[in-house]
Amino acid sequence: MITVIAEIKVRSGHLDEIVKRFQALQAEVLAEEGCYQYAPLTDTLPAIEPQTLAPDTIFMLERWGSHAHLDAHLKTAHMVRHHKETQDQVESVTLRILTDRSAISTQK
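Taking the numbering used here, the leading residue of the sequence shown gets 1, the next gets one more, and so forth.
In case anyone wonders, no lab produced these hints; they're calculated from the structure.
No experiment lies behind these values; they were computed from the predicted model shown.
Worth double-checking, as some hints may not be accurate.
Below, computed lysine-lysine pairings styled on DSS-like, alpha-carbon distance capped at 30 Å [claimed, not checked]: (1) 75 with 20; (2) 75 with 9; (3) 84 with 20; (4) 84 with 9; (5) 9 with 20.
Simulated DEER-style distance windows between Cβ atoms [unchecked claim]: (6) 65 with 12: 18 to 26 Å; (7) 49 with 102: 20 to 28 Å; (8) 47 with 78: 15 to 23 Å.
All C-beta atoms, glycine included, are put in the ideal place defined by N, C-alpha and C.
With the hints as extra help, turn the sequences into a complete structure.
This is the structure:
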């Protein structure tokens, strides 16, 4: 199982539009083989110390059964189309692919 955190910095004024596009993809992505979670997240307010706010930023939280599942996801027609349709509204993407190192399973 891998966890993906994609930090997506969008151009000012486009946050809600891009969130809606991710929401529209959720059911289709969650139906993909090996997808356990696919959620767009944004800062919650009010902020607390030491929270760093990231306006105009979406954090995609994804859980995949394997790297192969993630690779297949990135090549699907709906994701290729999504990237093409949103590229002008996105400034940058930082991708983290993580392995759970917990001593106790957090899976339910």
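Consistency of the hints with the structure:
Annotation: proposed proximity of residue 75 to residue 20 holds, straight-line Cα distance about 21 Å (limit 30 Å). Taking the CA atoms of residue 75 and residue 9, the gap is near 22 Å; set against the 30 Å cutoff, the hint holds. A threshold of 30 Å between alpha carbons decides the hint, and for residue 84 with residue 20 the separation of about 16 Å falls inside it, so the pair holds. Between residue 84 and residue 9 the alpha-carbon distance is near 16 Å, which keeps this suggested pair within the 30 Å criterion.
A threshold of 30 Å between alpha carbons decides the hint, and for residue 9 with residue 20 the separation of about 15 Å falls inside it, so the pair holds. For residue 65 and residue 12, the hinted distance range of 18 to 26 Å is not satisfied, since their beta carbons lie about 36 Å from each other. Against the hinted window of 20 to 28 Å, the Cβ-Cβ separation of residue 49 and residue 102 comes to about 26 Å, which satisfies the hint. Against the hinted window of 15 to 23 Å, the Cβ-Cβ separation of residue 47 and residue 78 comes to about 34 Å, which falls outside the hint.
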